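Q: So the chains spell out like this:
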Amino acid sequence: MNPVRVAVAVLRKDLRSEWRTRELVPALAQFVILALLIGNFGFQIDSRNAASIAPGILWLALVFAGLVAFGRAFAAEREQASLEAMLMTPASPVAVFAGKAMAAFGLLVLCEAVMLPALSLFFGTPLSIGVIAAVLLASVGMAALGCLFAAMVARVRARELLLPLLTLPLWIPFIIAGGSALQSAMGLPGNYQEAVGLLIDFDILFIVLTSLAARFVLDE
Amino acid sequence: MNRHEKAAVGAVALMLLAAGAIFLYAPTDYLQGPVQRIFYLHVSSAIAAYGCFAVVLIGGIVYLRNESLAADRFARAGALVGVVLTTVTLVMGSLWAKKVWGAYWVWDARLTSTLVLWIIYAGYLTVRRLAEPGRQAARFAAVVGIFGFIDVPVVHFSVTWWNTQHPGAVIINDALPPEMLATFFFTMFCTLVLAGVMIAIRYRIETLLDERHGVTEPARVVAARGAEAGAEPVP
Chain A
1 MNPVRVAVAV LRKDLRSEWR TRELVPALAQ FVILALLIGN FGFQIDSRNA ASIAPGILWL
61 ALVFAGLVAF GRAFAAEREQ ASLEAMLMTP ASPVAVFAGK AMAAFGLLVL CEAVMLPALS
121 LFFGTPLSIG VIAAVLLASV GMAALGCLFA AMVARVRARE LLLPLLTLPL WIPFIIAGGS
181 ALQSAMGLPG NYQEAVGLLI DFDILFIVLT SLAARFVLDE
Chain B
1001 MNRHEKAAVG AVALMLLAAG AIFLYAPTDY LQGPVQRIFY LHVSSAIAAY GCFAVVLIGG
1061 IVYLRNESLA ADRFARAGAL VGVVLTTVTL VMGSLWAKKV WGAYWVWDAR LTSTLVLWII
1121 YAGYLTVRRL AEPGRQAARF AAVVGIFGFI DVPVVHFSVT WWNTQHPGAV IINDALPPEM
1181 LATFFFTMFC TLVLAGVMIA IRYRIETLLD ERHGVTEPAR VVAARGAEAG AEPVP
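Sequence lines, in order, name chains A and B.
Numbered according to our numbering, the first sequence terminates at residue 220, and the numbering increases by one at each position without gaps.
Numbered according to our numbering, the second sequence terminates at residue 1235, and the numbering increases by one at each position without gaps.
Think of the hints as simulated: they come from the structure by calculation, not from any bench.
In this text, all values refer to a predicted model and were calculated from it rather than measured experimentally.
Ideal Cβ placement from N, Cα and C applies to all residues, glycine included.
Keep in mind that a hint or two might mislead.
Partial list, derived from the structure: chain B residues whose beta carbon lies under 7 Å from chain A [as the list claims (entries may be wrong)]:
1) ILE1022
2) LEU1024
3) GLN1136
4) LEU1192
Per the computed footprint, the stretches of chain A lying under chain B, defined by three or more beta-carbons under 8 Å from a beta-carbon of chain B, are [as the list claims (entries may be wrong)]:
5) 35-47
6) 151-164
7) 200-211
Simulated DEER-style distance windows between Cβ atoms [as the list claims (entries may be wrong)]:
8) GLY1134/B <-> LEU87/A: 17 to 23 Å
9) VAL1035/B <-> ALA81/A: 56 to 62 Å
10) ALA81/A <-> ILE1047/B: 45 to 51 Å
11) GLN80/A <-> ARG1212/B: 30 to 36 Å
12) TYR192/A <-> ILE1047/B: 52 to 58 Å
13) LEU37/A <-> TYR1104/B: 29 to 35 Å
14) LEU34/A <-> ASN1002/B: 57 to 63 Å
15) GLU1132/B <-> LYS13/A: 28 to 34 Å
16) GLU1211/B <-> ILE204/A: 42 to 48 Å
Please put together the full structure from these sequences, using the hints given.
A: Spelled out as structure tokens, the structure:
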């Protein structure tokens, strides 16, 4: 079986089931708006400090929305034991994993499509190509790592506890580089190109590593 | 006394000797005063902790390759001892920082990546506690251990791009007088011995825990080992 076709099939399956239930994306969109609201009360944001505080709120909200999205990506499979069925086919586990990760990335992008305009609307920060590119680049690596750990915790008890505990520390590189990229894209001093270059490096590193590890995580 | 008890007594005696060297033999630092004596154990326990996490990494890789229970037990033992040593490093470092930098904590590359290291391996131990003992948990933990080991240099270098306060290497830069250097190397040797003894004892405990939980090597691993042994010429 062609691994690319398997991955695309899994991706389409996940997106179609989300389209039919319309469960996760509306809930995540509400969640990120709520997070912005809480950020506003927590920090007293005005036009002078928005560029330094808004990226922090964005990453906090995105990280927690991501945890929910990746946790759900495998929860449904677990409830119906459909993951086992997929793995029993001759399809390679890495291709199945890639499909799941791409679908989770897609859902995260949908959630960002709500969040970035809302951030710009509420806090007056620019919604430039630079901002969008930094957020998307960070999401790629975060989706790869998040999906790997979501696949692992799906079979362990106390998975809701374990997923954030294991995933958040590994996401820190993306938050460091992404936070720095976003601040300079929003007009604070900083080297945008250097930060984006670092994000691309991390994406490549973690995509390679998660593809290597996926075989051991999904193979049973 | 069994051999684990003897080893423990030996390691503790070595640490007391190291304490003697730190407080009685090593000279007092001209600029920082007595607080500089934290340096010896602070750096030694950090190096020993890296060693422990290397054991977790290697144990994890070996486990993923051939599902050897021994490799997994070494990984578990290494993670626990490594977290203890990292805690020592962090606590002693922040006491020292309070004295010379005026704050217990600064968000510097070295400090941040050490804290991330601590969090990752504390997470590793939580996985071992929460997951049912067995193959699934061991594989899961192996992946966590491997990713954790890679994440730390990544965090370290990504923060270095933006700021740094922690001093760099003083040992290899020949910045220490010979008495301090001798004390440092002796303390490092003692700490490494202590870490090794702790891992050996913990390994034994993990073996007993596995027996109690009924965790055994999968039949095909035992069969493969039997085949290997059978292939060897009988003396």
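Q: Take the hints in turn and mark each one as holding or not.
A: Going through the hints against the structure:
no., hint, in the structure
1, ILE1022, "violated (33 Å)"
2, LEU1024, "violated (40 Å)"
3, GLN1136, "holds (6 Å)"
4, LEU1192, "violated (26 Å)"
5, 35-47, "violated (count 0)"
6, 151-164, "holds (count 8)"
7, 200-211, "holds (count 3)"
8, GLY1134/B <-> LEU87/A: 17 to 23 Å, "holds (19 Å)"
9, VAL1035/B <-> ALA81/A: 56 to 62 Å, "holds (60 Å)"
10, ALA81/A <-> ILE1047/B: 45 to 51 Å, "holds (47 Å)"
11, GLN80/A <-> ARG1212/B: 30 to 36 Å, "holds (35 Å)"
12, TYR192/A <-> ILE1047/B: 52 to 58 Å, "violated (37 Å)"
13, LEU37/A <-> TYR1104/B: 29 to 35 Å, "holds (33 Å)"
14, LEU34/A <-> ASN1002/B: 57 to 63 Å, "holds (59 Å)"
15, GLU1132/B <-> LYS13/A: 28 to 34 Å, "holds (30 Å)"
16, GLU1211/B <-> ILE204/A: 42 to 48 Å, "holds (44 Å)"
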